[in-house]
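So the protein sequences, as listed, match chains A and B.
Just so we're aligned, residue 1 is where the first sequence starts under our numbering, counting upward by one.
Just so we're aligned, residue 1 is where the second sequence starts under our numbering, counting upward by one.
Think of the hints as simulated: they come from the structure by calculation, not from any bench.
Some hints could be false.
What the hints assert, rightly or not - List of simulated lysine to aspartate or glutamate pairs, DMTMM-like, C-alpha gap at most 25 Å: (1) Lys160(A) - Glu214(B); (2) Lys216(B) - Glu143(A); (3) Lys240(B) - Glu143(A); (4) Lys291(B) - Glu329(B); (5) Lys121(A) - Glu77(B); (6) Lys176(A) - Asp238(B); (7) Lys121(A) - Asp76(B); (8) Lys216(B) - Glu45(A); (9) Lys121(A) - Glu477(B); (10) Lys121(A) - Glu496(B); (11) Lys409(B) - Glu434(B); (12) Lys635(B) - Glu45(A); (13) Lys590(B) - Glu571(B); (14) Lys120(B) - Glu468(B); (15) Lys683(B) - Glu45(A); (16) Lys558(B) - Glu587(B); (17) Lys121(A) - Glu53(B).
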Amino acid sequence: MTKWGMLIDLKRCAGCGACVVACQLQNNQSPGVSWVKLDVAEWGEAVGEAGRAYIPHACMHCENPECVAVCPTGASQKQEDGVVTVEYEACIACGQCITACPYGAREVNNATENYFGATEKAPYEAYGIQRTRVVEKCIFCRERVAEGLNTACASNCPAKARFFGDLDDPTSDISKRLAETDCIQIDDTSFYFSIPANMDQNLLPFAATKNEYVETTKAAPGIDPVVATAGVVGVAAIGVGVGIGIKKSKDKKAKEAKN
Amino acid sequence: MEQNITQMGGYSFSRRNFVKGSAALAATAALTGGVGIDIAHAEGSLDTTAPIEKRFTYCDMCNQVPKCGLTAFVQDEKIVRVESRDPHPVSPLCAKGLASIQELYDPNRLTTPLRRTNPKGTGKPEWEAITWEEAYQTIAGEFNRIKENDGADAVMFYCGDPKEPRAAVQRIANLFGSSSYGLESSLCATATGMTSQLVYGRGQGTMGVDPTPETKSCLMWSLNAAWSQPNRHASFMDAKERGCKFVVVDPRITPTVTGLADVHLQPRPGSDGALALGFINILIRDNLIDKDFVGNWTHGFDELAKLAAEYTPEKVEELTWVPAAKLEEAVHLIADNAPSTLVSSSAGIAHSSNVGHALRAVFMIPALMGNIEKKGAVLFGGGGLPFVDIGATAQFDGVDLYAAGEFAKRRHDRDDFPVWVAFNNHFQTARLPEYVDEGKIKAAMLVATNVMIWPDTNKYVEALGKLEFSAAVDYYERPWTHDYVDILLPAAMCHERVAPFTPYGRKIYYRDPCVAPAGQCREDWQIMMELGCALGYEEECFGGSVEGAIEYILETSKLGITLADLKAAPEGFEVPGGTPNEEAKHESGKFRKDGQPGFNTPSGKIEFDSEILKNLGFEGLPIYEEPVYSPLKDKTYPLVLNTGSRLPYYTHSKLREIPWLNQFMPEPVVRLHPQDARDRSIKQGDAVRIFNHLGEVEMKAEVTNIVHQGMVDIFHGWRQANINLLTTRDFDPITGFPPFRCGVCEVEAK
Numbered sequence: 001m002t003k004w005g006m007l008i009d010l011k012r013c014a015g016c017g018a019c020v021v022a023c024q025l026q027n028n029q030s031p032g033v034s035w036v037k038l039d040v041a042e043w044g045e046a047v048g049e050a051g052r053a054y055i056p057h058a059c060m061h062c063e064n065p066e067c068v069a070v071c072p073t074g075a076s077q078k079q080e081d082g083v084v085t086v087e088y089e090a091c092i093a094c095g096q097c098i099t100a101c102p103y104g105a106r107e108v109n110n111a112t113e114n115y116f117g118a119t120e121k122a123p124y125e126a127y128g129i130q131r132t133r134v135v136e137k138c139i140f141c142r143e144r145v146a147e148g149l150n151t152a153c154a155s156n157c158p159a160k161a162r163f164f165g166d167l168d169d170p171t172s173d174i175s176k177r178l179a180e181t182d183c184i185q186i187d188d189t190s191f192y193f194s195i196p197a198n199m200d201q202n203l204l205p206f207a208a209t210k211n212e213y214v215e216t217t218k219a220a221p222g223i224d225p226v227v228a229t230a231g232v233v234g235v236a237a238i239g240v241g242v243g244i245g246i247k248k249s250k251d252k253k254a255k256e257a258k259n
Numbered sequence: 001m002e003q004n005i006t007q008m009g010g011y012s013f014s015r016r017n018f019v020k021g022s023a024a025l026a027a028t029a030a031l032t033g034g035v036g037i038d039i040a041h042a043e044g045s046l047d048t049t050a051p052i053e054k055r056f057t058y059c060d061m062c063n064q065v066p067k068c069g070l071t072a073f074v075q076d077e078k079i080v081r082v083e084s085r086d087p088h089p090v091s092p093l094c095a096k097g098l099a100s101i102q103e104l105y106d107p108n109r110l111t112t113p114l115r116r117t118n119p120k121g122t123g124k125p126e127w128e129a130i131t132w133e134e135a136y137q138t139i140a141g142e143f144n145r146i147k148e149n150d151g152a153d154a155v156m157f158y159c160g161d162p163k164e165p166r167a168a169v170q171r172i173a174n175l176f177g178s179s180s181y182g183l184e185s186s187l188c189a190t191a192t193g194m195t196s197q198l199v200y201g202r203g204q205g206t207m208g209v210d211p212t213p214e215t216k217s218c219l220m221w222s223l224n225a226a227w228s229q230p231n232r233h234a235s236f237m238d239a240k241e242r243g244c245k246f247v248v249v250d251p252r253i254t255p256t257v258t259g260l261a262d263v264h265l266q267p268r269p270g271s272d273g274a275l276a277l278g279f280i281n282i283l284i285r286d287n288l289i290d291k292d293f294v295g296n297w298t299h300g301f302d303e304l305a306k307l308a309a310e311y312t313p314e315k316v317e318e319l320t321w322v323p324a325a326k327l328e329e330a331v332h333l334i335a336d337n338a339p340s341t342l343v344s345s346s347a348g349i350a351h352s353s354n355v356g357h358a359l360r361a362v363f364m365i366p367a368l369m370g371n372i373e374k375k376g377a378v379l380f381g382g383g384g385l386p387f388v389d390i391g392a393t394a395q396f397d398g399v400d401l402y403a404a405g406e407f408a409k410r411r412h413d414r415d416d417f418p419v420w421v422a423f424n425n426h427f428q429t430a431r432l433p434e435y436v437d438e439g440k441i442k443a444a445m446l447v448a449t450n451v452m453i454w455p456d457t458n459k460y461v462e463a464l465g466k467l468e469f470s471a472a473v474d475y476y477e478r479p480w481t482h483d484y485v486d487i488l489l490p491a492a493m494c495h496e497r498v499a500p501f502t503p504y505g506r507k508i509y510y511r512d513p514c515v516a517p518a519g520q521c522r523e524d525w526q527i528m529m530e531l532g533c534a535l536g537y538e539e540e541c542f543g544g545s546v547e548g549a550i551e552y553i554l555e556t557s558k559l560g561i562t563l564a565d566l567k568a569a570p571e572g573f574e575v576p577g578g579t580p581n582e583e584a585k586h587e588s589g590k591f592r593k594d595g596q597p598g599f600n601t602p603s604g605k606i607e608f609d610s611e612i613l614k615n616l617g618f619e620g621l622p623i624y625e626e627p628v629y630s631p632l633k634d635k636t637y638p639l640v641l642n643t644g645s646r647l648p649y650y651t652h653s654k655l656r657e658i659p660w661l662n663q664f665m666p667e668p669v670v671r672l673h674p675q676d677a678r679d680r681s682i683k684q685g686d687a688v689r690i691f692n693h694l695g696e697v698e699m700k701a702e703v704t705n706i707v708h709q710g711m712v713d714i715f716h717g718w719r720q721a722n723i724n725l726l727t728t729r730d731f732d733p734i735t736g737f738p739p740f741r742c743g744v745c746e747v748e749a750k
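The following block holds chain B by itself, in its conformation from the complex (with noise of 0.2 Å):
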């Protein structure tokens, strides 16, 4: 057997490079700066005679929004250490929130309002600095005179990454009358959430239940908790401690699988559909199904059947690489141990061109076993507090403004993706650069966002090019973005911020600002209510105070309390009241508004065959579809790329600046299969060349068995070589997500 040790991965953490890491980080600091000139920090020198004090505050560094307690230890009015808050609802912190101090500090964050001085898209953009009141006058300005040229839906509200602006960014978009509310949920998350309520019914949207004590087996789908929510994977290595199975479902040999797995099924990216359908096909061959359950709360089962039945496993094991025997013994182990339940993911098998489908034949299978609804199982939430987003109401977010101005019959994706708009009230910005080219979008608040996020980049970077103006809120100037946007204003940090508070089960948390925000910087919920006044929502936008946008949330929760209650509650606020959950919801009429048994779906049960899709014009069964681009059908490209995974230490594209992250991997790597680099000549840390029709990046080869023969992976977000210039715009119909996980590409050495 061969073996193989290397330091974290052999280039990505030796000393050698991490210093290497280092002097290049500190060369950009100094062009940033100006060559020659002194990188100075902001904050000022410390006086390390000054007394510490612990100030509280949660982290928003991933896009997870676990909201991971963190300690701050001030001294002199600066943070000088940063640890995990003990005892909190979630942590400990990861790298990430440990390093967060770093970005704080980091001298070239952004720290003034700035607008543009030479053309757009030149490579490099210039800037002069001027005051926020001169930027809100200018961005109101451009966006009142678009409105009234052109309509309200002619200005994209969006808000990308980190996502606790988007309620404050939705209230504006509500308010100024526009339509055009995007996020960046328009390729995360949202596919899961809409795929589970077509199954299970609406208002049930889940990415699937943690084990509890009394789980006895857990099907995990495409999720790398300790990559993704590091910590959350402690509580799942928890449950296997205690004698829960695991069945994981990943093509690569993550942390997860080492941790948990009893059955590792490596299936090729893109093709799960078939691979759960050959999962429903044991089940239903094999009688472990529920028939009770089955016979009365499911939909559709005998079509189900018919279908599933021409997945056989041998069948499965050509289309998805998964041994026949393999996906029998995970079937076995996850029937015979029951109540199972089911986690999933925002991401992994939803970036796919067939999601739409293959992640409802996903959602099926607990639901065949009977698996739902039981303690253990698939136990839907019950009450809670009546907060979305994150600390905010539907009413402060604006949504009847929303249904009043019937702004879903105006949306620029309602012919585009019916299903998308049939469940949410933010727009599938997928075809964003096509609404740009015929005039229907004109300007942008962009909010935390990064261009590199869309597939076939370049499309969406000539979007933004075109537009008549756009301002952007952010912590760092993002070249790839900022070349294109006329107005840039600097973010306060985590640190910094008091909104939103957070609520933790019926725990609210509100947070004083650790430290005053890095030079003019200020919090995007201020920024947005700022912003709101300028455009004339004075009123509405509590002059602006961010104190009183919290006020009127906690007002419209009508739970009775006040910010004072809030505030004098630095260990969290219990919300007094609740009821525990309770099994059987489906039966005490709990799901539907009507009070009737049952789930909240047309057919009043867990639908096989989607009356909503059929409806709307689609296939009602999860039917399997090849990817768009699969070496099944073409291997001109015979490698499939699978790329928009999680590391621990990165967020999509940010924290690349960051010395304490950027350390473990220093520069962009392909993740290749041993024979497939030996079928290339390719060796360890050869500089190789990815390519396919659309485009080629160049990066540094790591050979791993973490990935199964014949695809590679690659951690998305690099500006020098940017792995969506590779993949494709194929999205997929019901959900509108790209096909990050299953494009195609070849590799060859440099």
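So that you can see chain A by itself, here it is in the shape it has in the complex (with noise of 0.2 Å):
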């Protein structure tokens, strides 16, 4: 069985925003809209102490995920290879999902403009598929990877920080890295993260609730939920009862963190 699965390699990691724009150019996102989102973490002040790395997150592909059981219209679809979609036909906007989703990879697609306001859209914005008042999210790059490319994130990431593959492929690149480094697995989902060996996992935005940085995430990292609330209702109880687990798959390192 084929499982897709991403890692990304804080220590490589520039926060130059490449897998931003390449997702919003591939997926054809409207103005204003991000699959991707990307944090910073910082910790300590003093010279010798002080420490710094970029998160980019997304959607993390839920073994169960929520986003599909609150869905009342059966748009959300968890697939057999492990990937969570939307189908835009169906998908009404209610906004259920976005509450529902712990990790704030989703948000509604209100756009009606075009980039820098033109009465008409660019080529760019003109090719692939059309469409608004849905929610979106990351999908793997389904169309890309159905063709045996790469994502458009991991192909276009300069730093050579992400990685992507088959989970159940021991010669894919995300099982070769995750085999030769230290991973912290999000959860039961298909995405794990390497981090540098002075960051505290817990600064991984997910784990948000766990220690007294709630506020500044904003609930849940991606989303401001001022915005959203505007476009869909209930979405401020975003983050309420985010409890996420953080499993190793190795992790020997994560324990000396801990301790």
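Relying on the hints, combine the two individually framed chains into one complex.
The following block contains the structure:
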């Protein structure tokens, strides 16, 4: 069985934003929409103690996705290869999935205008799937992957920080990297991180409810609740009850970090 | 331990601001297009049923000229997607390259030649459309008039960013007979090239040598490739994963530091010279030098040792903020892991009022350890194809005209920067305002130029305003600069152009345009060749033909290849021949024209005590001098002002218009250490004033540990908050470089 997964090495990540733009271009995102979220974590202030890392993230493709469970129309689906998809035709933008998602991975596309305020779409906007008033999120570049290509974010990552592939295939990019490095799997999902040695794994924002920084992360990373509320009823509840376990694929370093 | 998580950086990538940013841009677009007027795409609507074809070019969105390969997906003769070309010698693209498609189809791009219709400097330039022929005739008429009255040197030919048109601009300057050919390299890279040649010899200009599989350790001095050249960062990370140790010298905790540093030295910006002397002192004190190499191949060791002995780790800590123990650890990590290499950069440390000495001290470090001309160490390049700039030859540039006309003797900068003149055939533009005031420069051709590049910018703005005539070539109307030009010409972008072709090692890539130029845009090489024809050099400018120029370049390269050969090889033309680089070229006489062993310096050795500098009246040893403005001298403005570093989504003053790029930092920010912020009651996102004796700008505060306490870090090129209004014209006397990284300022909440 194929099971697609993503690993991001935060030691390599430059926070350069290429994955954000590659995704926006590839997946025809409307102005204001970004499936990839880019956070920054800082720790310490004194010389020698201070550290800093960028944390790109998106849909984690949960084993048991809450978004699929709450979707009233069946637009959100879990595919056999592990990828959580959205069927735009069936989506009514009710926003229940946005509330349910523990990772802030979903947002509503309410776009009414084109880039630069132009009266018509630029060629790169006119090309690809046209939609509005739907909820969107990372779909692991389903069309590209079906053609045997890498995801746009991974193939356009200048620092080569992203490793994508079939978790069930030991020769895939991600499986090879998982075998040779210490990684943290986010809960029961298809998403993994490798983090700098001096970074506390609790700084991964998805563990935010475990510490006092929940406010600075605005409940859920990547989404501004104020803006989201304007578009979708009930979204203010985002983040309530988010309790994310983190398990380690190789937990030696992570244990040391905790001790 | 205090921890903090923000969305990139709290205000810079929250969805709310993203939307706000887009709305602001839409408003700008509406104004530019005229209120109430529809903003239409000149390229028209897309036929989504047309077939899709892949075409190839290379990106010119950044200033580093890595020439990253770009694949364009073309439908209905319009580009609908771009992605990294794979395989390609330089890949993948960064955010800027991917977003190039948005710049290409920005409805606010310049697409028509324009002539000014109102007075200069009003803040609201007004234009009328003219034909290319009218533009060329006007420019040629003015340039020839001024040449007749004041001599050819009174016309400046300047090329900024992108750098691709340099060779074409230089050719026209030389044909015209002007020694006033200037580049943005008056502020970038040249200081590194000059100082390395002062140490290692002429022809061995280097920014250091990247680690190879043999390299055990790397001293990385003031480079943040993660942001300036993201795909090069990947190769450094590969070296790290192979086991290479890294010492990174940078006042900030950059992603390069996070990824690479085994030891991170965070010096006060501008104090690098003292840190390098401290490094050298420990090497000598602890007997970590290669005595044979130093004895046989270096000049001035005893004098250097005496100078460095004054820079004890404790004194260095006082001067540089770097803890003595950290410096000791760093020196031993490098010395204990040979072969080690050195990597520096085009800017960083180079933007200091003392760079002429400071960078030389850095380049001396590998020489002291004998890490020169060995695999895995500082091994200079050998052979290679005979191209200069990007895909040009010295003959095409017109250097024979420069030599025959004895331009060097006429140059306006000859008395101001004699060391610069000895190394460069482009003039140092630092004192442009003085040359204009003295009547030496009266007209200018400004290709891809933004006046915000210069320190104390208003002096240069005034100078542009005083010119009798100027013309500019650009993608956009850029008010800071173009409010002072008479004619503005629209340039074609990388997807729309042919020249220059691109050599990578021994492989040459030709490029066919992916799409036709927007509107009346023309590629800058074509503009320069056509202008050359109008100036009277029809034959030397190939009747205005870019292909003719390329044929001539290939002919003068004497490689025996033609344009047809390149066109027939879309995957790159591998030039046959070449020999692998070899070690110890100084022993085999490969560095000197006379074929003798040694280095191409006056002493024939690596010079710790520079004979060239002494001969021109400068100190030969790499003495440390405090920056002209320093909190150690005067605490009126207690914070070190560090400006001019790179971001991965902007290139200097450019790309602010692009939604996919301005989403990350939609407005100017000052990066301030948490303690400095608390001391000033400044909170995350507060509006603040940044000021010193020169002026004041307003920005938002980003409270972050990326900077060392006691300094602020500000990106340059914001038209609403140009930080170069606060940087001074205290040029390094050897290189003419400005102190962008070591000014002073104070920050206050508004």
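So, going through the hints one by one against the coordinates:
Proximity of Lys160(A) to Glu214(B) is assessed by CA-CA distance (about 22 Å); at most 25 Å being required, the pair is judged to hold. A C-alpha spacing of about 43 Å is found between Lys216(B) and Glu143(A), which places the hinted pair above 25 Å, so the restraint is violated. For the suggested pair Lys240(B) and Glu143(A), the alpha carbons sit about 35 Å apart, so the restraint of at most 25 Å is broken. Between Lys291(B) and Glu329(B) the alpha-carbon distance is near 22 Å, which keeps this suggested pair within the 25 Å criterion.
For the given pair, Lys121(A) sits about 15 Å from Glu77(B) by alpha-carbon distance, which is consistent with the 25 Å threshold. The hinted pair formed by Lys176(A) and Asp238(B) meets the criterion: a straight-line CA distance of about 15 Å does not exceed 25 Å. Straight-line distance between C-alpha atoms of Lys121(A) and Asp76(B) comes to about 14 Å, which keeps the hinted pair within the 25 Å bound. For a cut-off of 25 Å, the pair hint linking Lys216(B) to Glu45(A) is broken: about 31 Å separates their Cα positions.
For the hint linking Lys121(A) to Glu477(B), the alpha-carbon distance of about 23 Å falls within 25 Å, and the restraint holds. A C-alpha spacing of about 20 Å is found between Lys121(A) and Glu496(B), which places the hinted pair at or below 25 Å, so the restraint holds. For the proposed pair Lys409(B) and Glu434(B), the alpha carbon gap of about 19 Å is at most 25 Å, so the pair holds. For the hint pairing Lys635(B) with Glu45(A), the CA-to-CA distance comes to about 23 Å; that is within 25 Å, so the pair holds.
For the given pair, Lys590(B) sits about 33 Å from Glu571(B) by alpha-carbon distance, which is inconsistent with the 25 Å threshold. Pair hint Lys120(B) plus Glu468(B) holds up; C-alpha atoms about 11 Å apart against a cutoff of 25 Å. Pair hint Lys683(B) plus Glu45(A) holds up; C-alpha atoms about 16 Å apart against a cutoff of 25 Å. For the hint linking Lys558(B) to Glu587(B), the alpha-carbon distance of about 29 Å lies beyond 25 Å, and the restraint is violated.
Taken as a hint, the Lys121(A) and Glu53(B) pair is honoured in the structure, with Cα atoms around 20 Å apart against an allowance of 25 Å.
The structure shown violates the earlier hints numbered 2, 3, 8, 13 and 16.
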